[in-house]
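Chemist: So the sequence lines, in the order shown, correspond to chains A and B.
Counting from 1, position 94 in the first sequence corresponds to residue 94 in the UniProt record's numbering; the numbering is continuous, with no gaps.
Counting from 1, position 56 in the second sequence corresponds to residue 56 in the UniProt record's numbering; the numbering is continuous, with no gaps.
Keep in mind that a hint or two might mislead.
To be verified - In silico lysine to any residue, SDA-like type, Cα no more than 25 Å apart, as pairs:
no.	chain 1	residue 1	chain 2	residue 2
1	A	208	B	227
2	B	299	A	128
3	B	2	A	114
4	B	233	A	201
5	B	28	A	77
6	A	208	B	103
7	B	2	A	53
8	B	2	A	107
9	B	192	A	155
10	B	192	A	33
11	B	192	A	209
12	B	192	A	266
13	B	192	A	96
14	B	218	B	302
15	B	2	A	120
16	B	233	A	155
17	B	233	A	270
18	B	192	A	205
19	A	89	B	155
20	B	192	A	147
21	B	2	A	113
22	B	192	A	37
23	A	208	B	155
24	A	89	B	148
25	B	192	A	200
26	B	47	A	33
27	A	53	B	28
28	A	53	B	165
29	B	2	A	116
30	A	270	B	28
31	B	28	A	147
32	A	208	B	83
33	A	208	B	218
34	A	208	B	165
35	B	233	A	205
36	B	192	A	277
37	A	89	B	299
Stated by the list, open to error - Taking CB as the label site, the calculated pair distances span:
no.	chain 1	residue 1	chain 2	residue 2	range
38	B	201	A	175	27 to 35 Å
39	B	211	A	81	37 to 45 Å
40	A	44	B	72	27 to 35 Å
By construction, these hints were calculated from the structure, which means they are not laboratory data.
Here a beta-carbon is modelled for each residue, glycine too, at the ideal position from N, C-alpha and C.
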Amino acid sequence: MILVLCAIGIWILGWWLNSRLASGPYAGTRMVRFLAPLIFGLTVIGIWELLVKGLEVPLVILPAPSIIWDRFWDSLPVLWADFVQTIIKGALSGYIIGCGAALLMAIAVDRWDFLRLGLLPVGNFVAALPIVGTAPILVMWFGFDWHSKAAVVVVMVFFPMLVNTVAGLREATAMQRDLMETYAATYWQSFFKLRFPAAMPFVFNGLKISTTLALIGAIVAEFFGSPTLGMGFRISTSVGQLSLDMVWAEIVVAALAGTAFYGLVAMIEKAVTFWHPSQRG
Amino acid sequence: MKQIVAVLTVIAALVVFWYVACIPMNIKGVLTEQERAGAEVQPPSAKDRRDMGEFGLVLNNSFAIPATWEQDRPRLPAPHQVAVELWETTVLKKITSKRSLIYHGWVTLSATMLGFAIGTGLGILLAVGIVHSRVMDLSVMPWAIVSQTIPIIALAPMIIVVLYSVGIQGIIPKAIISAYLSFFPVVVGMVKGLRSPDAMQLDLLRTYSASRSQGFWKLQLPASMPYLFTSLKIGIAASLVGAIVGELPTGAVAGLGARLLAGSYYGQTVQIWSALFAAAILAACLVGLLGVVERAVLKRMGMAQ
Chain A
1 MILVLCAIGI
11 WILGWWLNSR
21 LASGPYAGTR
31 MVRFLAPLIF
41 GLTVIGIWEL
51 LVKGLEVPLV
61 ILPAPSIIWD
71 RFWDSLPVLW
81 ADFVQTIIKG
91 ALSGYIIGCG
101 AALLMAIAVD
111 RWDFLRLGLL
121 PVGNFVAALP
131 IVGTAPILVM
141 WFGFDWHSKA
151 AVVVVMVFFP
161 MLVNTVAGLR
171 EATAMQRDLM
181 ETYAATYWQS
191 FFKLRFPAAM
201 PFVFNGLKIS
211 TTLALIGAIV
221 AEFFGSPTLG
231 MGFRISTSVG
241 QLSLDMVWAE
251 IVVAALAGTA
261 FYGLVAMIEK
271 AVTFWHPSQR
281 G
Chain B
1 MKQIVAVLTV
11 IAALVVFWYV
21 ACIPMNIKGV
31 LTEQERAGAE
41 VQPPSAKDRR
51 DMGEFGLVLN
61 NSFAIPATWE
71 QDRPRLPAPH
81 QVAVELWETT
91 VLKKITSKRS
101 LIYHGWVTLS
111 ATMLGFAIGT
121 GLGILLAVGI
131 VHSRVMDLSV
141 MPWAIVSQTI
151 PIIALAPMII
161 VVLYSVGIQG
171 IIPKAIISAY
181 LSFFPVVVGM
191 VKGLRSPDAM
201 QLDLLRTYSA
211 SRSQGFWKLQ
221 LPASMPYLFT
231 SLKIGIAASL
241 VGAIVGELPT
251 GAVAGLGARL
261 LAGSYYGQTV
271 QIWSALFAAA
281 ILAACLVGLL
291 GVVERAVLKR
301 MGMAQ
């Protein structure tokens, strides 16, 4: 009971701190923007810990953060092996192949107007479909190892990437194209010097959407069959053994990997599209 | 007009490609079947055929090509096989039958809709809270954005099992997964929408001495509608994926996800493909329906382009 009261106390404290920060003299500074979500996150974890301990929630329903933390450090080698299998081998290779293929396809689509008219509605349509459903088929074709996961990721990231890149390649205005024309630029000169750089914000938008899709594809595909390794495999078997601390540890890894992957792409974007208004801040 | 011709050409090309792809994909299985039926197959020994490439086999045994589109359990079913299976399991079967895709589709659809309703409802509420309270904006909004980069679907099996162990099963666990997948896109889109009125418009309302709630109902909420519909379309597609994935760990009882899993257990490829197409058609209908509603609402509000 005391622990539950402590949890309520922490909630009030966190709320008070954040409302002081939000209405205080430093509101709007970088530090507050960083501090406020941090305090919120710590508050949630504190309440979680105290409530689970205080109400004696069984381990098979919700493990306390401290138990998850211990499990995370104890099984680092296992988690690392799963990470390499699912993220590096499955998601990353599929991401590179899928986005690369979509980029080349988009260049071809942009070259021929007929292809753009025909393929773009189809691509837009397919991008909204539950493509994860192809996982059982691809697992059947490419076997249980990471190749099939990479294949699922390729199919998942291809269409969002294609649609975004094609939209980006039409971004250069008529005036700018005319200027290139007056310079007597060839198609490819005008492509590499004007239209491709102008498409970069859109390309990176597609790349950023694809990071999450890649992780989802790689993890869900493992629910349909995998070697005795991988994050999706570990999650589904640990759920079966009711060792939920392991499941949560994997989710921590997935969250870290997802944020890091997205952050990396966003950093590259910042370096490449430094000229774009949204990046100049 | 030109666009329709182009789209049809692309779709026709895809179908042709599909038929052609069936030939090398299925040739090995077909040749084994043909050999058992007593046909002359080149090369005759199964071991040689295993080591040969698919294309060589096709060239040597061109008589077997039609059979690659008629197999019982092909690696890649031909389009007409999938279409026939879809027709048989939707129109010809009674909808109470366990083999009817309408029945399975309804199981998935009801979980999707319930989850979508919960997810969008809570999402809009949180967005309103974020826009109106600086504290919530500062502390919750970054987490809502970060959560979009996390594959939250990894939580799905755990949610199902945990809720099962406390005695909740059936539609609710799937709906919860659907709800949290559609929740975050709606929050982010709706916050953007509620903030879309510019300073000029806000100032105008101030000169009318409008109260805060009047400003919300008369300016912010209407202005957020285009953003809301865009994120609703993303949200409903995510909800459907959530419902399908939520059906996997329960051991393939009912629903489109269960059809996919059962098909992959028993090698029923035609069943997998037909379930996949049923899911695709369902997604297309849901997104299309939202598109129609969007157009009607924006037209009524005078915002349609």
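Chemist: Between residue 192 of chain B and residue 277 of chain A, is the straight-line Cα distance small enough, at 25 Å or below?
Modeler: holds (18 Å)
Chemist: Does the structure keep residue 192 of chain B and residue 37 of chain A at a Cα separation of 25 Å or less?
Modeler: Distance ~19 Å between residue 192 of chain B and residue 37 of chain A Cα, so the pair holds.
Chemist: For a C-alpha distance cap of 25 Å, please report whether residue 192 of chain B and residue 205 of chain A respect it.
Modeler: holds (17 Å)
Chemist: Per the hint of 27 to 35 Å, is the separation of the Cβ atoms of residue 44 of chain A and residue 72 of chain B within bounds?
Modeler: Taking Cβ atoms as reference, residue 44 of chain A and residue 72 of chain B lie about 54 Å apart, which means the hint is violated.
Chemist: Going straight from one Cα to the other, do residue 2 of chain B and residue 116 of chain A come out at no more than 25 Å?
Modeler: OK: residue 2 of chain B and residue 116 of chain A at ~11 Å, within 25 Å.
Chemist: Tell me if the straight-line CA distance from residue 53 of chain A to residue 28 of chain B falls inside 25 Å.
Modeler: Judged against 25 Å, a Cα distance of about 60 Å means the pair is violated.
Chemist: Hey, residue 233 of chain B versus residue 155 of chain A, does the alpha-carbon distance stay inside 25 Å?
Modeler: holds (20 Å)
Chemist: Is the Cα-Cα distance between residue 2 of chain B and residue 113 of chain A 25 Å or less?
Modeler: Status holds; Cα separation ~11 Å.
Chemist: Hey, residue 89 of chain A versus residue 155 of chain B, does the alpha-carbon distance stay inside 25 Å?
Modeler: The given pair, whose Cα atoms are some 22 Å apart, holds under the 25 Å limit.
Chemist: Check whether the Cα positions of residue 192 of chain B and residue 266 of chain A lie no farther apart than 25 Å.
Modeler: holds (20 Å)
Chemist: With the threshold set at 25 Å, check whether the alpha-carbon distance from residue 299 of chain B to residue 128 of chain A stays at or below it.
Modeler: holds (24 Å)
Chemist: Would the hint linking residue 233 of chain B and residue 270 of chain A be met if the CA-CA limit is 25 Å?
Modeler: Answer violated: residue 233 of chain B to residue 270 of chain A is near 29 Å, above 25 Å.
Figure legend: structure checked against the earlier numbered hints; hints not met, in rising order: 5, 6, 7, 9, 13, 17, 20, 26, 27, 30, 32, 33, 34, 37, 39, 40.
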